[in-house]
Amino acid sequence: MIEKAKSPIEESIVEPDLDALLAGDEKAFELLVNQESPRLFRIVFRIVGDEEEAKNILQETFLQAFQRIQTFRRESKFTTWLYAIGINLARGSLRKSKRMTSLDDSDVERLQPSFSKGMFVESPESWDPLRLAEQSDRHELLHRAIDNLPEDYKAIVILRDIEEHSTEEVAKMLDISGGAVRVRLHRARVALRAMLNPHFQYQRQTAE
Amino acid sequence: MKAVIIVKTLLGMAPNCKKVTSFLAEYVEGTLPEKVAKQFEQHIGMCKCCGPYFDQYRATINLIKEGQEVKIPDELVEHTMTFLRNNANFSR
Ligand SMILES: [Zn+2]
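Protein sequence lines, in the order shown, are assigned to chains D and P.
Going letter by letter, the first sequence gives residues 299 to 506 in this note's numbering.
Going letter by letter, the second sequence gives residues 247 to 338 in this note's numbering.
Hint data in this document are derived by calculation from the structure and do not stem from the laboratory.
Be aware that one or more of the hints could be misleading.
Stated by the list, open to error - Derived lysine-lysine pairs resembling PhoX-like cross-links, with alpha carbons at most 20 Å apart:
#1 K317/P - K415/D
#2 K317/P - K353/D
#3 K294/P - K311/P
Said to hold, decoys possible - Footprint (simulated), chain D over chain P, 3 or more residues, beta carbon under 8 Å:
#4 281-287
#5 319-332
For glycine and all other residues, C-beta sits at the position ideal for the given N, C-alpha and C.
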């Protein structure tokens, strides 16, 4: 089945039965796995990019949730806590398997526009709406660009822009401040814009 | 220099491009204070740099949001539950 990214609000949420989960109740866990697997799978899959690996990470996530449930402090939503486990495992797996060299923080920095006396050093040129519309592989382009981001930026783009979790939730999931989520999301989008830029600019007429 | 800033302010160009681009995320999110949002819009409407830049920033977000769909494996829940039944000493 194909699941489109939905915001958490659109999905009917049954609050997990925390007491039953704390008691180690199998039915309660089955309900939890049923309810949270699709959303969690989408996030984990988008981070690791491999179905088998994502499936294994889901197994491990729910097992760790079972084993560590006594450490859950009711300061965040239970699902936020659960997702944090899955996201951590996914990021760990990505770090281990990193096939291609991705960008690092200094690359992201380089992709930010530079200013002199508050003005753009290089004026941005408009994108060609036709190229934007016609580029049939634009999602593939973008997918590769997101894949190239440093993994914390990548996770934030996936969680905020694609899966549409709130800044506060993402901050809790990644154990960073809301300010850091906002700044990195902005810098990631700017870097992505820069990576897409050459593909969408008006093509110059070559003088012949 | 001061004169330039005054002229720009009169033209509604203040704040400058650097400042304006730093407001992009908040503007898109709708969290800029009304007065700043007004200044932002004025600047975007007039500036040859920030105008296209803002359009591209928004286009990028739209592309990200269109994203690629993820196929959920049919046996996903069972795959996890089998694993849990073998490893998770359920108490009841
Ligand atoms: Zn400007």
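Hints, verified against the model:
1. K317/P - K415/D: At roughly 48 Å apart (the allowed maximum being 20 Å), K415/D and K317/P break the hint.
2. K317/P - K353/D: Holds, at roughly 12 Å.
3. K294/P - K311/P: violated, 27 Å
4. 281-287: violated (count 0)
5. 319-332: Satisfied; 10 residues make the cut.
Checked against the numbered hints listed earlier, the structure breaks hints 1, 3, 4; every other hint is satisfied.
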